[in-house]
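Chains as they are written, first to last, in this note's numbering: chain Y, 1 to 108; chain A, 1 to 176.
None of these hints come from the bench; they were simulated from the model.
Wrong hints could be hidden among the right ones.
[As the list claims (entries may be wrong)] Where chain Y lies over chain A, by a calculated footprint (3+ residues, C-beta under 8 Å):
hint, region
1, 6–17
2, 118–127
[To be verified] BS3-like mimics (lysine-lysine), calculated; alpha carbons at most 30 Å apart, straight line:
hint, chain 1, residue 1, chain 2, residue 2
3, Y, 73, A, 111
4, Y, 59, A, 110
5, A, 46, Y, 59
6, A, 46, Y, 36
Cβ coordinates follow ideal geometry from the N, Cα and C atoms, glycine included.
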Amino acid sequence: MPESIERGALTEAVFYILLSLFTPMHGYGIMQNVSKLSSSRVNLGAGTLYGAINTLLEKNWIKSVDGDKNQRKKEYEITELGKSMVEDEIIRLQELIDNGRKIVGGEI
Amino acid sequence: MKYVIRKAYWNYEKEENWLNEMASKGLALTDYSWCRYVFEECEKGKYIYRIELLDNPAKHPESNAYIKFLEGTGVEFVASYMRWIFLRKKASDGPFDLYSDLDSKIKYYKKIRSFWTVFSAMELTIGLSNVLLGIINPINFWCGIIVTSVGLCFLSLRHNVAKKIKKLFQEKKIRE
């Protein structure tokens, strides 16, 4: 198992896409949600999002929500594997924040 | 009222800028075929235009799936030419960029780079071999010179993209 690759940092886009998909959403919903979560700091390009969704589907971190086949927009949601990836990432980010605060200081 | 403008662009970024200038003047592209642009009047600055190179021809199922996805995000598909598609989005919906992070930008520019690699190699091969054939027939020589110049022009476009990729890679060494 290629463990070393799996331990790498997630990109900001992927992290926010995964967070968004704790609630099933379609592509445009993800774009709007990520923009809202980040107070308009992260604005996902549709091309970037499309590539990320396809990679995440392939890796089984997210899945298509079975719904009405005639539904115009496809909806996606996070899988258990995806959730565990988010949890690992939170631990990693927390470590960065803790170390940053410890050395630079700056209590909130 | 429709306006038809015949114009040739080799550089899709300049072409995109031109389309956006036209839109800001109140003329929105509604159709494209080989060097033929069809415009319709619109509210000034109503649309932002983008031109994108796809992996497959625009009619391919994979391209269709992507275009459908884009349409779900408020992007309008305007026209296509082989692997190139013309897109627009209402300016009132905010900025319109297809690629928002370094990884996806690099991947996209690499696609553009290989597009120009293939075309410049093709033109240069045909051009230079015709220049050599010029020993037998002077017509070949002059055709060869023209095709070679086109090839060099493509090569310089490829060079511009390669420079962009290099810059993005440098940024990627320290940032996501």
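Hint consistency between residue 59 of chain Y and residue 110 of chain A [alpha-carbon to alpha-carbon, up to 30 Å]: Given that 30 Å is the threshold and the Cα spacing comes to 23 Å, the pair holds.
Given as covered by chain Y, does the region 118–127 of chain A meet the bar of three residues or more with CB within less than 8 Å? Check failed, 0 qualifying residues.
Residue 46 of chain A and residue 36 of chain Y: Cα distance at most 30 Å? Holds: residue 46 of chain A and residue 36 of chain Y sit about 24 Å apart, inside 30 Å.
Is the straight-line distance between the alpha-carbon of residue 46 of chain A and that of residue 59 of chain Y 30 Å or less? violated (39 Å)
Tell me if the straight-line CA distance from residue 73 of chain Y to residue 111 of chain A falls inside 30 Å. holds (27 Å)
Count the residues of the region 6–17 of chain A with a beta-carbon closer than 8 Å to any beta-carbon of chain Y: does the count reach three? violated (count 0)
The structure does not agree with the numbered hints 1, 2 and 5 stated previously, though it agrees with the rest.
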